[in-house]
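For the protein sequence lines, the chains are A and B, in the order given. With the first sequence counted from 1, adding 48 to any position gets you the working numbering. With the second sequence counted from 1, adding 48 to any position gets you the working numbering.
Take these hints with a grain of salt, some might be off.
A pair counts as met if it fits within one copy or between any two copies, since identical chains are not told apart.
What the hints assert, rightly or not - Dumping the calculated EDC-like pairs for lysine to aspartate or glutamate here, alpha-carbon to alpha-carbon at most 20 Å:
#1 Lys67 with Glu101
#2 Lys283 with Asp225
#3 Lys283 with Glu318
#4 Lys67 with Asp100
#5 Lys283 with Glu302
#6 Lys283 with Glu317
#7 Lys67 with Asp220
#8 Lys283 with Asp131
#9 Lys67 with Asp258
#10 Lys283 with Asp269
Source of the hints: derived by calculation from the structure; they are not laboratory data.
Listed here are the chains, written in short residue letters.
Number of protein chains: 2
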Amino acid sequence: LIEHGGTQARAVGQIAFPKSGQAYTVGLTGAPGAGKSTLTAGVVATLRATGDEVAVLAVDPTSPFTGGAILGDRVRMQEHALDSGVFIRSMATRGHLGGLALATPEAIRLLDATGFPWVLVETVGVGQVEVEVAGAADTTVVVVNPGWGDAVQASKAGLLEVADVFVINKADRAGVDETRLDLEHMLDLASSSDTDWRPPIVASVASTGDGVGDVVAAVGDHRQWLEAGGRLEAKRAGRRRAELGAVLTERLTERVRALEGGVALAQAEEAVAARRVDPWAAADELLASLD
Amino acid sequence: LIEHGGTQARAVGQIAFPKSGQAYTVGLTGAPGAGKSTLTAGVVATLRATGDEVAVLAVDPTSPFTGGAILGDRVRMQEHALDSGVFIRSMATRGHLGGLALATPEAIRLLDATGFPWVLVETVGVGQVEVEVAGAADTTVVVVNPGWGDAVQASKAGLLEVADVFVINKADRAGVDETRLDLEHMLDLASSSDTDWRPPIVASVASTGDGVGDVVAAVGDHRQWLEAGGRLEAKRAGRRRAELGAVLTERLTERVRALEGGVALAQAEEAVAARRVDPWAAADELLASLD
């Protein structure tokens, strides 16, 4: 329901909101092929070993044409498929920009409200929306691989700013030390103050489980740091503010679509398609008719 | 001016619009490290050899914190830096979602209006917004590398649907045939009709120039196909319609920010931050005050 949006999603969201606020959310992001799904499966296993139940949202940017998520990576989660203490759900965008950014916090709140102490959010891509989604967690884990340039690519994709923990996964390959140095160097350049959190850099081989415990420990360290001095509540408040902005945009867009039963928008679209007027001028004319 | 938006950008856009419509736009996208910049430089060289002038927009998703684009890849464009027939510009988002999607068509129109017959748009990431930006060209070139899984990753990122031409770059590495088969297979699955354009798959080694001529030829074939039967004009009209939608959202968001001189939004943000109300309910209350 939440994925599809609309009135029913809203009803679910209203029920979930007052019951939410207890779950700790962890975002996992990084380039395709970095091993995020395998690492996520390892993190789930480690958390489950403590007895905690875990929910996983796998956020897939999907085609506006097919509307379907490719679930190949989910195969790696199969070891948890029969564990009733683990909930796994792939979320797709249903082809509308901003859809993921709106649906993900609602989906997290629902999982939170149903009592999962951990909600993991894994994203497939490393674009603007995906980084935003993964960055909207309490702790964001950025997964890179050893090798020249991977750290620079992570920085380019805006991952440096959202990272609370860096994981150099596939650390049985050559280049781990170089990648670590690159990351340290970039963190040196980016760091604004000594009292800020400095993301630790953890090496792992998720496919064998090596280092996965260290990743979970690093998440725990960051959580402890956030919980001290009200930082966690401030971070969450900031997220809710940002969500309000996204919801406002969505609601306003719905209003424009509904103007004059959709006729006004259709006429403006026609004028723009025919190059009689540029899109900005058409938008301003249309909005003048709202007043 | 266009990158920063606002009134001055609008003034430039109004002047550019009636003079635009002549340039042919080519989007280049693909995962970080696929060799897009090197390929773009090769495409520029090939087009320049015909005497045509070329504009290149390199669209970088940048950090909301630093606001600066990492220009490392631009080094590969240095061979063209002293050529007055080539204009190269890196565009950043300035930290606001949707910024790229709005600024890129305006920037393309300006370059178009100033007389460039070719505008190349290269994106750094492969997220939702980046794919949207690169897909909003007359011909979109998707760059992948040889090797297991790259085709699947491209599909996941939504690249299959925007691709008009596939390039397997770094084709001196092992796995070209497998990647080609993977892509052919996915195109078979995705193809809806025999009369649709089927993206050709071209192999290149952009660093040596091998195959770059074939890439340009494939772009030319697609252009010819689009120009036949009014397909190009229909595609561009569809893009302008989509742009109108994006502009409307932007304008409406500005209105909400301005409500009661910003006080209403600040109060709603405060209520949401303090968890007194959920973001959707706060948005609906705020919008009720617009009426």
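Comparing the hints with the structure gives:
1. Taking CA atoms no more than 20 Å apart as the test, lysine 67 paired with glutamate 101 passes inside one copy only; the shortest distance there is 17 Å, against 61 Å between copies.
2. For a Cα distance limit of 20 Å, the shortest separation of lysine 283 from aspartate 225 qualifies neither inside one copy, at 32 Å, nor across copies, at 48 Å.
3. For a Cα distance limit of 20 Å, the shortest separation of lysine 283 from glutamate 318 across copies, 14 Å, qualifies, whereas the shortest one inside one copy, 44 Å, does not.
4. Taking identical chains as interchangeable, the C-alpha atoms of lysine 67 and aspartate 100 lie at most 20 Å apart only when both belong to the same chain, with a minimum of 18 Å there against 63 Å between chains.
5. For the homomeric pair lysine 283 and glutamate 302, neither the shortest alpha-carbon distance inside one copy (29 Å) nor that between copies (25 Å) is at most 20 Å.
6. With identical chains, the CA atoms of lysine 283 and glutamate 317 are at most 20 Å apart between copies only, with a shortest distance of 14 Å across copies and 40 Å within one.
7. Taking the shortest Cα distances, lysine 67 and aspartate 220 never come within 20 Å of each other, neither inside one copy (43 Å) nor across copies (57 Å).
8. Taking the shortest Cα distances, lysine 283 and aspartate 131 never come within 20 Å of each other, neither inside one copy (32 Å) nor across copies (48 Å).
9. In the homo-oligomer, the alpha carbons of lysine 67 and aspartate 258 never lie at most 20 Å apart, since the shortest distance is 36 Å inside one protomer and 60 Å across protomers.
10. In this homomeric assembly, lysine 283 and aspartate 269 come within 20 Å of each other (Cα to Cα) only inside a single copy, at 16 Å, whereas the closest approach across copies is 52 Å.
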